[in-house]
Amino acid sequence: MNVLKVPARTIAVFVLPCLLLYVVLVFVPILVSFYTGLLNWDGITTAKFIGFDNFKTMFFHDPVFWPSVRRTLLYAVASMLEIPLCLFMAILLNRFIKRRANTLVSIYFVPVILSVVIIGQLWKTIYNPASMGGMLNGILISLGLDSWQHGWLTEPKIAMYFVYIISLWQYFGYHLLIQFTGVQNLPEEVYEAARIDGAEGFKADRYITLPLIVPILKISIVLAFIGSLQSFDMVMVVTGGGPAHATDVISTLMYNNSFLSLKYGYGSAIATFLVLVCLICTFFINFIFGRVEKKVG
Amino acid sequence: MKYAKKGLVYLLFAIPVITQLYPLLWLFLYSLKTNEEILSGSFFSLPKHFQWANYKEAYENGHYVRYLSNSVLVTAVTMIFVILLASMVAYAVSRFRWRYGNVVMLVFLMGMMIPMQATLLPLMLIFKNLKTGSFHVLDSPLSLILPYIAFQLPIAIFILSGFMRSIPGEIEESAFVDGASIYRIFRSIILPVSAPPMMTVCILTFINIWNEYIMAATFISSEKWKTLPFGVYSFVSQYSVNYGDIGAFLIMGALPVIIIYFILSERITKGMVAGAVKG
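Those sequence lines, one after another, are chains H and X.
Numbering of the first sequence is given in the working numbering, commencing with residue 106 and proceeding in unit increments.
Numbering of the second sequence is given in the working numbering, commencing with residue 21 and proceeding in unit increments.
Chain H extracted, bound-state conformation:
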């Protein structure tokens, strides 16, 4: 490969505009956020510097903070639960449905491309009481299970689970597509060699597909994890964190504190926490997979 030697000025012309824009719009805000996290400030009156008090309040005195963290992590776990199912379906799809497989996958993919607003409002309507035309309760009534009806998003105990379901539904097609592409790209020869050695079907899957697919699994898991940490838009559109904080995740808590309660300082402290959690989780996942890949490779 040939690499060009060019004067510094040319490099600057190519790189600086973009780099400046990026640093100003991504890194500077994070620093600003970290700083405002140290203030007691409502955006209007003069800000007061209070050191790490916001963080202390967050960790020790805010009764809704830790439950939101738990829900955020549960969101990630819930999103990952569908990955094995998707892998299983991808393997079957590749083996049994050769010709129509791509069509099927593009059908499953339709919800992925729609805006969270459309998906969220659609599911809100589905979850409505039957008297307002809700589909889920309508189905229960037709099955004669009238007593099973619920206010799916208005009862604090169950609301969060029904928000998870929307995300699982929306991203099912995405995970399936990723796994399917991965399975399709596995080299045919390996399977042939295995067949000669007497490994076929699910036995071959256990010893060949699974180890070879680890990098693809990692992509799906990272996607599910990062997506869930940022599972923000969906909750915002569907419940806004309510009823009574029952569906708050870290990011909605941050948003509601910043923009509804106008606690700019406290909201920024939560934002700082969110950034740190994202960084730590990404490193953690990469570390785990680094070890897994070494082991199976």
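The hints are simulated quantities; they were obtained by calculation from the structure and are not laboratory data.
Please note that a few of the clues may not be correct.
[Claimed, not checked] Here are the simulated lysine-lysine pairs, DSS-like style, with alpha carbons at most 30 Å apart:
#1 X:Lys244 with H:Lys368
#2 H:Lys308 with X:Lys244
#3 H:Lys368 with H:Lys262
[Stated by the list, open to error] To be clear about the criterion: a stretch of chain H counts as covered by chain X if any three or more of its residues have a C-beta under 8 Å from a C-beta of chain X, and this derived list gives those stretches:
#4 175–189
#5 297–310
#6 367–381
Since the model is a prediction, treat every value here as computed from it, not as a measurement.
Note that the Cβ used here is the ideal one computed from N, Cα and C, for glycine as well.
With chain H fixed as given, assemble chain X onto it according to the hints.
This is chain X only, laid out in the frame that chain H set:
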């Protein structure tokens, strides 16, 4: 036995077709019903008469065309700048010999891990202070376009630089010998050759920006500049005369992406996989 197994597999794949598509079909039927039909609460029923009037009412009561054109404007401008800026950096990182190439790449990759919503408040504070005369950045399309560009850059640079590394160096060398400047090489050789990864970047940018809701809802407040997702959201949450109209507006909101997906489904699915795999 063989048929039973096959039947079972087909059934397994038929179920998601229903679960993934039926809600959308249900919404479509919903949008064509009268209030009475919707409130009757049966989960499957065809409307007696298709109430196309719902669409007319939704169109007249919402600002569909305005939201749509705002979305087109914001998405198109973002796309152009992402492609331009990202290919410049990608070229510099993948082909120039300089000490800080990897550092620059690392800066962009690190940014990928930063959640967008953590920047909402600080960006709002920054944009609030950016004004000249009667022009305010906050509540203008610029307040969306700028962060949209920034947050799409890392993945775009990653995809483009990966591709540019694979372009054979001889092409540039011979152009250089013929006296072409580096800018000329970039414009007449690198950019045209990189069309396929640019397509991937365009698709990713389109899907992400076209559907973006929360930033639009935070930075935009005047009706004039609302984008489609935010417009749909405010229509749905404010309008309560006729349920069918709400359904109709949701369908209209989904329509542009559905049409584009219908035409380009294979490219879109491929692009999104490439985005995920490389991200």
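Give me the numbers of the hints this structure contradicts, sorted from smallest to largest.
Failing hints, ascending: 2, 4, 5.
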